[in-house]
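**Student:** Sequence:
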Amino acid sequence: MTTIFAAMEQQQSVRVRFAPSPTGGLHLGGVRTVLFNYLFAKKNGGQFILRIEDTDQTRFVEGAEQYIYDCLTWCGLQPDESPLQGGSYGPYRQSERKAIYKTYADKLIQAGKAYYAFDTPEDLEQMRETLKATGSASLQYDHHIRMKMKNSLTLSADETNEHIQKGTPYVIRLRVEPGQILVLDDMVRGRVEMDTTFTDDKVLMKADGMPTYHLAVVVDDYLMKITHAFRGEEWLPSAPVHVLLWQHLFGTDAMPQWAHLPLILKPDGHGKLSKRDGDRLGFPVYAMNWKDPVTGDMTQGFRETGFLPEAFNNMLAMLGWNDGSGQEIFSMEELIQHFSMERVHKAGAKFDYEKAKWFNHQWIQKTNVNEYSKIVAEYFNKEGMTVENNTSFCEILDLVKERCHVLTDFIEHAGYFYQDPATPDIDAIRPKWGADKKQYFETLVTHFQNASNWSAEVLEQDAKHLATEQSVKFGEIQLMLRVMLVGKKAGIGVFQIAEIIGKDATCRRILHTMNQL
Numbered sequence: 030m031t032t033i034f035a036a037m038e039q040q041q042s043v044r045v046r047f048a049p050s051p052t053g054g055l056h057l058g059g060v061r062t063v064l065f066n067y068l069f070a071k072k073n074g075g076q077f078i079l080r081i082e083d084t085d086q087t088r089f090v091e092g093a094e095q096y097i098y099d100c101l102t103w104c105g106l107q108p109d110e111s112p113l114q115g116g117s118y119g120p121y122r123q124s125e126r127k128a129i130y131k132t133y134a135d136k137l138i139q140a141g142k143a144y145y146a147f148d149t150p151e152d153l154e155q156m157r158e159t160l161k162a163t164g165s166a167s168l169q170y171d172h173h174i175r176m177k178m179k180n181s182l183t184l185s186a187d188e189t190n191e192h193i194q195k196g197t198p199y200v201i202r203l204r205v206e207p208g209q210i211l212v213l214d215d216m217v218r219g220r221v222e223m224d225t226t227f228t229d230d231k232v233l234m235k236a237d238g239m240p241t242y243h244l245a246v247v248v249d250d251y252l253m254k255i256t257h258a259f260r261g262e263e264w265l266p267s268a269p270v271h272v273l274l275w276q277h278l279f280g281t282d283a284m285p286q287w288a289h290l291p292l293i294l295k296p297d298g299h300g301k302l303s304k305r306d307g308d309r310l311g312f313p314v315y316a317m318n319w320k321d322p323v324t325g326d327m328t329q330g331f332r333e334t335g336f337l338p339e340a341f342n343n344m345l346a347m348l349g350w351n352d353g354s355g356q357e358i359f360s361m362e363e364l365i366q367h368f369s370m371e372r373v374h375k376a377g378a379k380f381d382y383e384k385a386k387w388f389n390h391q392w393i394q395k396t397n398v399n400e401y402s403k404i405v406a407e408y409f410n411k412e413g414m415t416v417e418n419n420t421s422f423c424e425i426l427d428l429v430k431e432r433c434h435v436l437t438d439f440i441e442h443a444g445y446f447y448q449d450p451a452t453p454d455i456d457a458i459r460p461k462w463g464a465d466k467k468q469y470f471e472t473l474v475t476h477f478q479n480a481s482n483w484s485a486e487v488l489e490q491d492a493k494h495l496a497t498e499q500s501v502k503f504g505e506i507q508l509m510l511r512v513m514l515v516g517k518k519a520g521i522g523v524f525q526i527a528e529i530i531g532k533d534a535t536c537r538r539i540l541h542t543m544n545q546l
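In the numbering used here, the protein residues as written are 30 to 546.
A hint or two may mislead.
[Said to hold, decoys possible] Under the rule of at most 35 angstroms between Cα atoms (straight-line distance), these lysine-lysine pairs were calculated in the DSBU-like manner: (1) Lys142 - Lys304; (2) Lys403 - Lys304; (3) Lys254 - Lys71.
Source of the hints: derived by calculation from the structure; they are not laboratory data.
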């Protein structure tokens, strides 16, 4: 199969597409589909197309299309053709291609491969109730039931035309004949056989004149010369419908090479990861914050949680793919170089948020802080700590970045450089506190106030010498001083902290803590 794919890639220019519906936040599974499309296109010198599938106007959400563009921009996955960039195969919004789909729907009707259906919602509900009452295992509108319904197969040509002429609402359905075994050579799953006996007569054109996904995706993929179509495995049940449409309209030789990608699973491995899982377990599942324009509910995204786009892409690539080498950290250039569909797994990939943060931790450490210091400075300012994104700020970030798994962690690990601790951990000091420690810190403050050389090395030497003079344990002194300056038993070298925050802040924090003991 690998040889077939390689030959196909050499014979024609690779064109792949991502075709989301603008209905809400962009799930990380959707971004992974974008990523695999993008990597495959760039690896093979092809084109990545973004097409907006907005034919279902009842599900349209204001702002969702712009949100998709913003997400792809943040991830660095820019399409070569889209509603924004344009291209030779537009329009790239399905709502602007309405007349095109009608032409192909009419062609299917003329060939006897589709039919008009005039059933009302009440008729369909009655059909389902009847099927339930008879104990039918299927409630679908299919070859079992269509000859009992109100459609152009049961009505005469004159009756059908009369309904159309007087404006009776209708849909156009695909006529699926049972007993056909359709074969799909999938780039991930290999040979897939599908029996049309279990496929219903899908609606192709809705009563409002707009196509459904099934017709639109086939027509658009053909007209836009898509060579490879990647989508989640949840679309496999729809594959028979799409193969039939390719057969009827364009021939299967024109059909793209398909790949049904593995699902991203819940952390326990049971079922597809959903927004509800993220809400329940406390982690994001959307690329960026999404605010529902109707309810006003805000769903947090990976960007706002403090993920770098490089880490987000790297993490997504490893959910269902690896290059076999054991390497886990990949730049975008390396992903493009190493990516192949042959290494995409068939099985679903469990989402592990701790592993996701591990990827981000690696990227925070390996990336120059100048590349994310502006974002971190905004976090500080939102917390009421006024900072300037300058060399000094970047130097502080560099000192603590190995402790940070998400960018928001810098508040915890560097906030004490800019703000006195509001509630020092007194309980960490009290067990070893006594008159000897009180006398020591009173003397130390005097030493520090009179210090002419405010460097970490000199401050440490002075503190050690004083500890020897007063016969106190320097290790205990260091821990207490750290709590006084930081508020807790964590942070970089304590005298390095004192040097950075300065003489006034150091002495003020020591005295403030002593007053609470």
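**Student:** Taking the earlier hints as the rules, which of them does this structure contradict?
**Tutor:** Per hint list: single violation, 1.
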